[in-house]
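Below are the chains, spelled out letter by letter.
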Amino acid sequence: MTHPNGRQDVLHIAIVGSGPSGFYAAEALLRSGRNVQVDMIERLPTPFGLVRSGVAPDHPKLKQSTLVFDRISRQEGFNFLGNVMVGRDVSLVELQSTHHAVILACGAHSDRRMGIPGEDLEGSHTATAFVGWYNGHPDFRDRVFDFTQEVAVIVGHGNVAADVCRILAKPVDELRSTDISDHAFHALSESRLREIYLVGRRGPAQAKFTPKELRELGEIEGTVARLDAQECHVGAQCEVELASPTNTFAAKNVELFRSYILNESSGASRTIRFRFCLRPVALHGNGRVEAMTLERNALEGPAFAQVARPTGACEVLSCGLVFRSIGYRSEAIEGAPFDPQRGVVPNDRGRVLDDSHHVPGLYVTGWQKRGPSGIIGTNRADSIETVEALLSDFAAASGSPRPGATALRDLLEGRGIRIVGLEDWQKIDAAETERGKATGKPREKFTRIDEMLSVL
Amino acid sequence: MPHIVTDNCEGCRFTDCIEQCPVECFHADAERLYIDPDVCVDCSACISACPVNAIYDVIDMPADKEPWIAINADRAKSLPVVTAKQPPLGTAESRRAELGF
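Protein chains in written order, with the working numbering: chain A, 1 to 456; chain B, 457 to 557.
These aren't lab readings, by the way, just hints derived from the structure by calculation. Take these hints with a grain of salt, some might be off.
Label-pair restraints from in silico Cβ distances [claimed, not checked]:
| no. | chain 1 | residue 1 | chain 2 | residue 2 | range |
| --- | --- | --- | --- | --- | --- |
| 1 | A | R113 | B | A529 | 44 to 50 Å |
| 2 | A | E423 | B | T539 | 24 to 30 Å |
| 3 | A | D142 | B | D463 | 49 to 55 Å |
| 4 | B | A526 | A | D70 | 29 to 35 Å |
| 5 | B | K533 | A | T246 | 29 to 35 Å |
| 6 | A | F304 | B | T547 | 28 to 34 Å |
| 7 | A | D173 | B | A526 | 47 to 53 Å |
| 8 | B | T539 | A | E239 | 24 to 30 Å |
| 9 | B | P543 | A | H284 | 56 to 62 Å |
| 10 | B | G556 | A | D142 | 52 to 58 Å |
| 11 | B | L535 | A | E300 | 23 to 29 Å |
| 12 | A | V93 | B | Q542 | 36 to 42 Å |
| 13 | A | E255 | B | T539 | 49 to 55 Å |
Which chain B residues face chain A? A few, computed with CB under 8 Å, are given here [as the list claims (entries may be wrong)]:
| no. | residue |
| --- | --- |
| 14 | C477 |
| 15 | E480 |
| 16 | S500 |
For clarity, every value in this text was computed on a predicted model and none was experimentally measured. Note that CB positions come from ideal geometry on N, CA and C, so glycine has one too.
Model the full assembly from the supplied sequences, consistent with the hints where possible.
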């Protein structure tokens with residue numbers, strides 16, 4: 001609706017989640033020229049989602065994306081409401097009454113399960129838990145990993161698996177000056193790991209690593225990356241895939257894998273072993289993981305649609321630690337449609353669908369929208385698409401006026417919720433940076449919510 | 457290593473890369489795009505977004521692309537940042553076909 005003076009009514013938008021997809025949605029809204037108020041709601045007192053708690057501590061350059069998020073957060077019309085959990089402190093229905101539209105940007109923080117016997121034995125972990133633990137995420141602060149073990153198996157051939165592998169393999173001295181959490185640094189400095197297997201269900205041409213991450217695994221001081229020549233099988237259909245001009249990452253990966261065939265373990269204190277076309281069948285052990293049974297797969301089908309079919313041939317691998325990194329799922333949010341098969345919120349270009357009908361005023365972006373694919377920047381294009389859909393839905397009129405943040409704050413404060421605002425986060429940020437100075441780290445994160453709140 | 461935009465961008469300027477960049481490191485003139493190596497965070501998101509494989513991580517670049525390192529660094533400094541996707545150049549589709557993509 002347009003006022004007689006020509007000014008559009010303010011459009012109040014709530015964004016749930018403060019990771020990359022949430023921030024890029026905020027950016028697209030604030031750049032649109034439309035009169036918008038963006039209220040970003042985050043369940044932790046700290047923003048930035050997986051850039052804070054996912055990106056590995058030894059990848060500081062990627063973390064510079066937070067400089068862009070800082071810039072977005074300082075724009076007029078942006079509010080941060082941290083330490084507020086939708087579904088616990090405020091319901092989605094309540095948000096829908098205080099705001100014209102809600103954008104879900106909660107990511108995908110549950111791991112897919114392998115669904116095999118022994119999966120929950122002690123020593124079997126999710127990559128999410130390990131990554132969250134070394135990055136100081138409060139949810140995983142008290143996890144315990146047994147680094148007296150000598151052999152670890154990582155299931156999955158994606159960049160998260162590569163991060164897990166690299167942090168396990170790297171000499172701790174190389175992590176000392178990063179923002180790795182102190183508790184993780186000390187636990188890893190006692191590590192006796194010698195062998196790290198990276199197991200994938202398909203072949204070298206289908207591995208999902210970006211070449212950059214794969215190359216890094218071959219460059220770790222004191223660690224050798226290896227694979228057996230017969231393991232690096234590239235069939236005729238794989239050759240077709242590799243010849244495609246748009247599949248350059250796979251071609252580069254195979255080139256790197258082939259270079260690792262020649263590597264020798266002698267003199268190395270740790271070995272990374274790539275294994276392909278294997279499917280975990282069971283974990284075994286007396287009270288804790290002692291071994292994994294793997295079944296050999298064969299690739300079948302045409303190029304770019306090859307599927308892994310089990311062959312019945314099995315082998316047993318002794319191991320004391322297992323990390324699964326085979327995909328992520330969003331969790332259902334009360335009041336929002338959910339696709340339990342895909343683990344995402346069903347949507348059409350960001351418009352949330354319930355039984356193929358658009359739910360008015362409800363949108364989704366990022367991993368919760370498309371599933372766990374892509375990297376930080378992928379979410380920018382994704383959020384631009386969602387915001388385009390939203391703005392076109394509200395192009396004609398905002399609809400009835402909504403109170404926005406004022407009413408939301410009243411409601412939360414009435415419930416005794418300590419809202420962490422942008423200035424509060426800046427205090428936490430400054431305190432963490434200060435704590436890091438003593439040990440030459442860019443920051444020493446607070447890993448418990450009460451610690452974060454205690455500096456406010 | 458930083459990322460660079462190379463010759464295939466010229467005559468195309470598809471700009472799909474711009475939406476994938478987490479840090480706004482793309483700059484443009486009328487013909488093509490350039491990456492500011494001091495802003496690029498080396499994430500590689502742009503590489504697979506380019507329909508004509510114009511973008512390389514310097515570590516993976518063919519030897520004949522080397523001059524583009526300096527060209528990107530120099531031109532990016534004097535040209536404005538481009539933050540949103542733009543229509544490709546009029547010659548983009550014929551150039552794409554000519555390049556074999």
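Going through the hints against the structure:
1. A:R113 with B:A529: 44 to 50 Å: 47 Å, holds
2. A:E423 with B:T539: 24 to 30 Å: 27 Å, holds
3. A:D142 with B:D463: 49 to 55 Å: 54 Å, holds
4. B:A526 with A:D70: 29 to 35 Å: 31 Å, holds
5. B:K533 with A:T246: 29 to 35 Å: 31 Å, holds
6. A:F304 with B:T547: 28 to 34 Å: 30 Å, holds
7. A:D173 with B:A526: 47 to 53 Å: 35 Å, violated
8. B:T539 with A:E239: 24 to 30 Å: 40 Å, violated
9. B:P543 with A:H284: 56 to 62 Å: About 59 Å separates the Cβ atoms of P543 (chain B) and H284 (chain A), which means 56 to 62 Å holds.
10. B:G556 with A:D142: 52 to 58 Å: Distance hint for G556 (chain B), D142 (chain A) holds at roughly 55 Å.
11. B:L535 with A:E300: 23 to 29 Å: For L535 (chain B) and E300 (chain A) the Cβ distance comes to about 50 Å; the hint is violated.
12. A:V93 with B:Q542: 36 to 42 Å: At 40 Å between Cβs, range holds.
13. A:E255 with B:T539: 49 to 55 Å: 35 Å, violated
14. C477: Holds, about 5 Å.
15. E480: 7 Å, holds
16. S500: At 5 Å from the nearest chain A Cβ, S500 (chain B) passes the 8 Å test, so the hint holds.
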